[in-house]
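Number of protein chains: 2
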Amino acid sequence: MKAEILTIGDEILIGQVTNTNAVWIAQQLNLIGIKVVHMATVSDDANEILKGLENAAKSADMVLITGGLGPTKDDITKKTFAQFFNAELVLDEAILVDVSSFFIKRGREVSQLNKDQALIPKGCRVLRNKSGTAPGMWMQKNNVHFISLPGVPYEMKGIMTDEVLPAIKAEFKLPHIYHKTVLTQGIGESVIAELIEKWEDGLAAKNIKLAYLPQPGLVRLRLSTSGDDEKKIKEDVDDEIEKLIPLIQDYVFGFENYGEEMPTIEKVTSDLLKERKQTLSIAESCTGGYLSSLFTAIAGSSEVFKGGIVPYSNEAKHELLNVDNAIFEKYGAVSKECVIDLAENVRKKFNSDFSISISGVAGPSGGTPDKPVGFVWIAVSSKEKTLAKSFQFGDHRQRNIVMTANAAVSFLRKFVLKN
Amino acid sequence: MKAEILTIGDEILIGQVTNTNAVWIAQQLNLIGIKVVHMATVSDDANEILKGLENAAKSADMVLITGGLGPTKDDITKKTFAQFFNAELVLDEAILVDVSSFFIKRGREVSQLNKDQALIPKGCRVLRNKSGTAPGMWMQKNNVHFISLPGVPYEMKGIMTDEVLPAIKAEFKLPHIYHKTVLTQGIGESVIAELIEKWEDGLAAKNIKLAYLPQPGLVRLRLSTSGDDEKKIKEDVDDEIEKLIPLIQDYVFGFENYGEEMPTIEKVTSDLLKERKQTLSIAESCTGGYLSSLFTAIAGSSEVFKGGIVPYSNEAKHELLNVDNAIFEKYGAVSKECVIDLAENVRKKFNSDFSISISGVAGPSGGTPDKPVGFVWIAVSSKEKTLAKSFQFGDHRQRNIVMTANAAVSFLRKFVLKN
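Sequences listed follow chains L and D, in order.
Counted from 1, the first sequence has number 163 at position 163 by my numbering; the numbering is strictly sequential.
Counted from 1, the second sequence has number 304 at position 304 by my numbering; the numbering is strictly sequential.
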């Protein structure tokens, strides 16, 4: 079964909003064996929506539509959707109860705009929305399924999870798609390509596709295949990964099983610490709380993460983390001496097994010939020892923050593994 | 002039990567008066790419293509692009020099794969890539312009900024598009819609479109129009905004001028403090560094942000920020008493004019009947006084973190304005 994801919304076309719905829907469809063959985004305009629906039906058996179902005047998807199927809009009483109780629960009045959300095209299969007021709608035309969902991400996700995905799984017989991704840190994609060239040449014969997915500081290698025999396609891919690993051993930090939560390098490292019942604290200057926020974004992180300090000035480094003022004068705050002090003192302060400290020049200002923008010192520390390393990243503040955090976590992970 | 943005990449279709390139390109085109009428994403497959190019040419005068230009075998855009124009691939010596120096500068060898990046379709206008090795390519067919760029975001952005946008501006006569967005916090979209209904009804006559853009905790209202008379369309929109403001005064925190950096609520607040030469410190528990990272993501934030502490455990709250242990026993860490102590003590510790403190239950675990997941206390403090408020957000950890941070910044902003 082939699907198209059709996004409706001027906010996407003018670049005001990133289309995160499409990526999430694609993941969910893939996971149950539906191949997304095309994505398109059209304007909040009846003709464009109709053209989009017609085009989608040419190559897809199922069209997932998001956007334009809100209560306000700029939302015209429902009217146009009904027009596409030549269906009139009728009041659905169950939905009216849903919509009303949504507002009553929150102590608010139900306006006519809100009540109108219970209007649906006649003959449509209604998909209940537990997190909002716009119901989803499922219609069929010439054997193509059209499923229209709200554009608000958590409402769309709720309806997909509660209604659409279980129905598709129950009602269609689907093939299997299998992806597995090898996660690497600290090596560029063309270097990997050379290291694995021979291995890569053998993949076509097994109907396995390889993709290189570079991110700041990381490269992901995704192997993909599909077929009817779930066990065999999985074995084929896993066999190839077993041959691949020895070629790039030093750089691999984990795997991404498609559909499971993507193991970020901080998740892998946090799990490693949790397993060993060890804890972490962080003193981060130029990353300004970003590194701590990566660890605390993980559910249950309080078992591993004891706390952090963002000593954004020299005074704070001195007063909160006892960095000797002589260090600032002699070496500067972006120095090996400073990050070693920060790492050791933050570890003691939070009484954690490990710590990370960071001091660098995120940019755009603050660079010097000696320590240009992008120059960073990172230290990791345990009760037994403290190591420090310097890195030179690029010119972009936000990118420098992300790459610094990635490098710091990778540094810690290798340090923990050796301890 | 109408444009299509065509994205090439299986990683998008299987939902492994979010298409952030399309949103950025759309913004840039819009800004110079090019309307993006359609976006599409196709697979890394020669037939699909060819079909995508043909389809795009039907409705657009200019097609911006990203993806598939890397050095590795999964990247087939260049070959297919050449095929579409019936052009052979030839070596471009200037590009070969660029590619070689890219690797030599980094002390790495230049492989054959890298050298092949200097191959380009004969007759193509070459777009130099200063941040990577894959050049961009600009070709024309039946009066439609096709511009192919690498998929790596900062490489694509570099070529657009350095080469493509200046060339378009110089070579084409373009109309004006004007967007302005009103930013609100603390009110839902259907409530706004009722408050501004009459005003909204008058927009059509002026050819102004209104869009409601909800985000966690915020709603943006975008007014858009286009025309040849730059001054007039701007005045029309600005006049309407002047009429709109009094209707929703209490909720408006700023404006987004299209194409300028979007003023997040933390940027607006940080600018306010900078103007008043006042400073901020943060003690955040359940947001775990995220709130600090919002402020430190702003270039030059060290003038405003003095530092932060993430006291993730009760011990840390006690030892680093002197919260009395009796408070944990009597009221718990998620309490008015605790956040007041945190806010006052972090302000003193960093000697800042203002401070924010946060303690809550981000979830998914840790909720109790009294203090369920999503329950948060926030305090703001100055030398004169300290205020605390509680909030009830939802069930999702990441969403709770974002909404808490938004609410905290909004709380601080109003507090600063009254001080």
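Keep in mind the hints are simulated off the structure, nothing from the lab.
Worth double-checking, as some hints may not be accurate.
One copy or two, either will do: identical chains are not told apart, so a pair holds if it fits within one copy or between any two.
With a cut-off of at most 20 Å between alpha-carbon atoms, the simulated EDC-like pairs for lysine to aspartate or glutamate come out as follows [what the hints assert, rightly or not]:
hint : residue 1 : residue 2
1    : K349      : E319
2    : K130      : D395
3    : K169      : E260
4    : K173      : D250
5    : K277      : E315
6    : K115      : E194
7    : K141      : D74
8    : K198      : E230
9    : K383      : E337
10   : K348      : D271
Do the hints match the structure? See the list:
In this assembly of identical chains, the alpha carbons of K349 and E319 lie at most 20 Å apart whether taken from the same copy (12 Å) or from different copies (9 Å). Taking identical chains as interchangeable, the C-alpha atoms of K130 and D395 lie at most 20 Å apart only when they sit on different chains, with a minimum of 13 Å there against 45 Å within one chain. In this assembly of identical chains, K169 and E260 lie within 20 Å of each other by CA distance solely inside one copy; the values are 18 Å within and 45 Å between copies. Neither within a single protomer nor between protomers do K173 and D250 lie at most 20 Å apart by alpha-carbon distance, with minima of 42 Å and 54 Å respectively.
Within a single copy, K277 and E315 get their C-alpha atoms only as close as 34 Å, which misses the 20 Å cut-off; across copies the closest is 18 Å, which meets it. For the homomeric pair K115 and E194, the shortest alpha-carbon distance between copies (13 Å) is at most 20 Å, but the shortest distance inside one copy (61 Å) is not. Taking identical chains as interchangeable, the C-alpha atoms of K141 and D74 are never at most 20 Å apart, the minima being 26 Å within one chain and 36 Å between chains. Taking CA atoms no more than 20 Å apart as the test, K198 paired with E230 passes in neither setting, with 27 Å inside one copy and 58 Å between copies.
Taking the shortest Cα distances, K383 and E337 sit within 20 Å of each other inside one copy (17 Å), while across copies they are farther apart (35 Å). Proximity of K348 to D271 under the C-alpha cut-off of 20 Å is found in neither arrangement, the shortest distances being 22 Å within a copy and 36 Å between copies.
The earlier numbered hints that this structure contradicts are 4, 7, 8 and 10.
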